[in-house]
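Asker: Sequence:
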Amino acid sequence: MLRPALFSRFLRTFSCIGAWLSEIPVNDQAKSSAAPRLREIFLAALEKPGPEERAAFLSAACGNDRAVRKRVDELLREQDTVGSFLETPAASVARGSAPGAAGPGGTAVVSSVTEKPGDRIGRFKLLQKIGEGGCGVVYMAEQEEPVRRRVALKIIKLGMDTKSVIARFEAERQALAMMDHPNIAKVLDAGATETGRPFFVMELVRGIRITEYCDQNNLTNEERLRLFIQVCQAIQHAHQKGVIHRDIKPSNTLVTLHDGTPVPKVIDFGIAKATEQRLTDKTLFTEFQSFIGTPAYTSPEQAEMSGLDIDTRSDIYSLGVLLYELLTGQTPFQPERLLQSGLDEMRRIIREEEPVRPSTRLSSLNMTDATALTKARHTKIPILVQAIRGDLDWIVMKCLEKDRMRRYESANGLAMDIQRYLDNEPVLARPPSTAYRIQKFVRRNKVMVAATATVAAVLVAAAVVGSWLAIRATQAKIEQSRLYHAAEAALKNEARQRERAEREEIAALRRSYNSDMNLMQQALAANNLGRVVDLLNRNRPSKGVESKVSGARETLNSQLKSLSTDLRQWEWRYFWNQSRSDAAFALPRQTNAIDAVAISPNGRLLATSEGRGPLKLWDLTTQTEVAVIQERGFGGFGPRAFAFSNDGSSLAAVFPGSSPRRAAVRIWTIATRQFGAEIPQEGRVEALAFSPDDTKLFLLGQDMAVRVWDFAKQQIELRLPRQQLEGWRRWAFSPDAAQIAFSEGGQIRVHDLETGLQRCSIDAFETDIAALAFSPQGDLLAASPSFAGTSTTIRLFSAATGAMARELAGHVSWIPDLTFAPDGQRLISAGADQTVRIWDVQARRAVAVLRGHLSEVNCVAVDPNGETLVSGCKDGTIFGWSTKTGARKKSFDTLTSPVRSVEFFPDSQRMLTVNSNRTVSAWNLTTPQEVEPVPALGDDISRVLVSPDGARVYAHTSGGGVKVLDWATRLMITNLGGGRGRWFGPGGPGGPGGRGSRSGMFALVDQGTTLAVYTAYGSNVRLFDTRSWELKAEWSIGDPVAFPRWRETVIVAPDERHLLVPASSGTIEFRDLVTGQTNANATVMAQNWGVSGMAFSPDGSLLATSSGDGTVNLWDPAERKILDVLRGHLLGVHAVAFSPDGQRLATASHGNEAIKLWDVATRHEVATLAGEGSLFEQVKFSPDGQWLIAINREERAHFWRAPSLGDIAATEARRTGQ
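Just so we're aligned: the sequence shown equals residues 1 to 1218 in the numbering used here.
Keep in mind the hints are simulated off the structure, nothing from the lab.
This structure is a prediction, so every number in the text was calculated from the model and none was measured.
Hints may contain errors.
Restricting the straight-line Cα-Cα distance to at most 25 Å, the calculated cross-link-like pairs of lysine to any residue (SDA-like) are [what the hints assert, rightly or not]: (1) K1032 / G1066; (2) K129 / V205; (3) K186 / G196; (4) K1180 / D1116; (5) K398 / A463; (6) K398 / S512; (7) K157 / L126; (8) K380 / V533; (9) K186 / G133; (10) K1180 / F905; (11) K874 / K380; (12) K884 / Q842; (13) K157 / G118; (14) K1121 / P1098; (15) K1180 / L854; (16) K163 / V205; (17) K129 / I229; (18) K1156 / S512; (19) K116 / L126; (20) K1180 / P1098; (21) K125 / E142; (22) K884 / E903; (23) K1156 / D1116; (24) K402 / Q340; (25) K402 / R430; (26) K1121 / P1140; (27) K157 / H181; (28) K398 / E223; (29) K186 / L227; (30) K696 / N602; (31) K398 / E345; (32) K713 / N646; (33) K380 / E401; (34) K696 / R612; (35) K375 / Q340.
Given these sequences and hints, build the entire structure.
Answerer: Shown next, in the form of structure tokens:
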């Protein structure tokens, strides 16, 4: 149903007043309170009937704050302007008809834009306005069918039908509909007006406020309490239905008479909240830091800005305030004081100040208030004080507890306690102490208690006098000892609790971080960089952690506690690297969403528009703003449409006119940067295009008629008559301006602009169309579906026949814009999934997926050369991209040649590889590229090792020998011969030649003075002195044939005294490194399926073992017991490695789950790194923790990079210009 176009601008202005209040510019310190306070003052001022009352209210509410007073006055003037316009009748648009349609007999159908008494809404006739708030109006109405009765009808004010208001309105309607209680107003009907504004009909309550009723009828305390019990029962019913009222006050608790009996009615569930189900399908969002409810009746948790949710005990507090007012005639805190104190002070008062007891308030009333209360109650103040003091004081104060845990659990509990008071029974409002119980017993049995007390007093007096002196000294000594031990125990308990709390806090932070890392990986897979950036920022330390760029170092604060702990590890740095933008350049971010972009024919200028902002021109060479085009004579709003001339000399733009039905078409000369004369036209213009020779300008009107302005003849002609199109519409001119395509819903019509005839009709989608684009040759028409449907494909049709030519799939959300590259072979799409994609039309696939935007991409344009494209985003960013960018890289890279093993240099800038042909090469990790071969080591190398200082390279030969190379000179230092056994392949002795990538053990111990060598499938462990190259020790590890394969994984323990040797049975033997001896407890069962990999943590406190069953065991090597089992891999795990800081464990498996990263502290998986191929048999971190390399059975080395925090800080500083 269309709204009258004549009022669209003013309805938008009226609806935006609430949003305007949320955008008030204030300084940082006042930002949290100024906007909500201003909003409350503005809405309260709207309720005042006359200018005098309004002025008096504003003087009191604003005080000396001139800025707030000025802003409220401006908003009130805006409200008056919109209101005066809406009081003027205007022609309405009938449902489903075009604007300006006539009624029967040619007479225009006229309707009022606001309701008034006498109007009909559905089957209800409005009789009288009986109430009005900031967003809704309540009328007394008469229902005429199927029964005739008087009802109350509530409807949203015209212009206030924003999403949030409608959501709250529907929530109130649903809340009342759920109720079935005699003390709650019933909902009778609901619906919507012809203009779409919702309303609902409820029981007409003819009553007055409960406080006014009690005072007018001089009710006693008992009568007031019995009325109040009914109110509690009504609220209890609402709570049982899962609804929290949140605004209980006298004006929402009316008393009416049924056969002379007063009956309270609870009304106005406008800000009610559901506890067990949603009250509306619409988003019901309470703005951050906004204040909900009436201050004097608002509970502390409702007023507090915290993560504490509101429950039914908030209503208990409000009931307590209402009871306080019924008993004393005043609220615990004076409303005038709360309003004048400002929002922050008001919240502080409600949260922190304790109200005085009702009896105390009565005894301290001034003369005027005391006289008025005495007259209303027909009782003197001292008598009222005496009646309230005690039980009623405690009942009220229990309701008003700041800690909701100390209030009544339910409204029914409050009602029952009041009933106990009326029945003269002990109430629960204070602890049932012995003295309290005795007090109640005495009041019920005065005679018997008096006689008993007399006898008991005589006996007790004798006993007390006899024992008092004897026990006084003993009691003092016992008390002193008790206090001492209690204090000592309290201190110990406090220390334990503090330590426990700190541990739990750190554990909770780690769990949250690990969860965010998994969410971040999912967001990256979906190209949702906005989500990735949010998660990255959420896990940056808020304080206590300093990044030191100098020297690429990070220093932590002396105390890493709570939020000051930096939990960021390898995976955070890796995801940061993966989330970096593909954009070639970025223009300064704009305030509003970018709606459209266009590149000039010479490719040097870019035009952008941003909603209500001006049209801007940018120099794409310097990437700077060169002009702002804004037609000030027509309201200063941005253009509705714009287009460059084909010679690039001018720019045609459509600016909003003096009314919603008008538009100004102006030609802006680029050379002079001046506007020419306005081009006359009829009605609004939605789009325009130049003819190929720039002699004509084609104008598409709101009525979908195409008119042509001839620059030479200075006249306009109708080229295509008005089209009757309904609903969502999109359009596109062909590049030669010979054709135009319209969409209506999911259908497309293509017209010839020369003849005006329709060429074809296309049923493109089942839902509305978001974008249309002609190919440069005009033979193809591309279309994409809107957000209203589920399809995310792009379809290409023949512009001549309408037949579907191709379908392109890849986006995961709707596509707001399409454009062809000049060659016609590529199509560029802007996706709401935050990506820009370049499609090969013939191959029907995306050749590039460009990531960098953090929100929906609204528009895209390509330069005449087809080499650069520009996109505009919903968040105001404008990015430039190269169309030469290929398909997005995988999440990993691979070395250019097959390798058997890798070894890092200590500086992490270089590494050595043992190649497939058993030669050795050196690589630069920053590229990473092969730098040079190392021919001095020969072509029989199985494994290499670099000394801790990087000066020497040790190479193990396939024959079991050892070569030592001086790295600086590349000269051989020594060549040690082989020992017993050779370096056999995986088949063992006599089997096929092996790769040697995992085989044996090659390690430096004793601070680099001893080289330990073991050849897999051989039988010797040899220890060489690296200073004299003498053989220090040699011993046999066992029969190589008896232990096939499992002997490949042998490692030296961190204590450098033991060698860990696995066996095929899944056990591990702890051998003495020098002698090879074992003791009685040296063998442990490690893995049921055999041990495929082992690694110690850097500090030696943990041992990780992997197995072919997909599990990884974490051990305490000192106690030789399993601490935890990590399960996550689908297939077997073949290698494990700890990060240099010991915080992460990498486990290697197969293909898509090549590597999994685990948080060692929590034992939780934090990332999965995909690879290619099977059986990743090696995994290793670089010494600086930035690189992670894994090698699969096909000898393909995969590597993933996670820059250091110092590098990240430096990059971000350069990007922000800091």
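Asker: Would the hint linking K402 and R430 be met if the CA-CA limit is 25 Å?
Answerer: holds (15 Å)
Asker: Would you check the hint for K1156 and S512, treating anything up to 25 Å between C-alpha atoms as holding?
Answerer: holds (18 Å)
Asker: Compare the distance between the alpha carbons of K1121 and P1140 with 25 Å, and conclude whether the hinted pair is satisfied.
Answerer: holds (24 Å)
Asker: Given the hint that K1180 pairs with D1116, test it: the Cα-Cα distance must not exceed 25 Å.
Answerer: The given pair, whose Cα atoms are some 22 Å apart, holds under the 25 Å limit.
Asker: Holds or violated: K157 with G118, Cα cutoff 25 Å?
Answerer: holds (17 Å)
Asker: Does V533 lie within 25 Å of K380 when you go C-alpha to C-alpha?
Answerer: Not satisfied, since the Cα-Cα distance of roughly 68 Å exceeds 25 Å.
Asker: Checking one constraint from the list: CA of K129 to CA of V205, max 25 Å. Satisfied?
Answerer: holds (14 Å)
Asker: Regarding the pair K1180 and P1098, is the alpha-carbon distance no greater than 25 Å?
Answerer: Given that 25 Å is the threshold and the Cα spacing comes to 13 Å, the pair holds.
Asker: Can you confirm whether the C-alpha distance between K884 and E903 stays at or below 25 Å?
Answerer: violated (36 Å)
Asker: Given the hint that K116 pairs with L126, test it: the Cα-Cα distance must not exceed 25 Å.
Answerer: holds (7 Å)
Asker: Hinted pair, alpha-carbon criterion (25 Å max): K713, N646. Please report holds or violated.
Answerer: It holds: about 19 Å lies between the C-alpha atoms, which stays within 25 Å.
Asker: What's the verdict on K398 and E345, does the C-alpha distance respect the 25 Å limit or exceed it?
Answerer: holds (24 Å)
When the structure is compared with the earlier hints, violations turn up for hints 1, 5, 6, 8, 11, 15, 16, 17, 22, 27, 33, 34, 35 and for no others.
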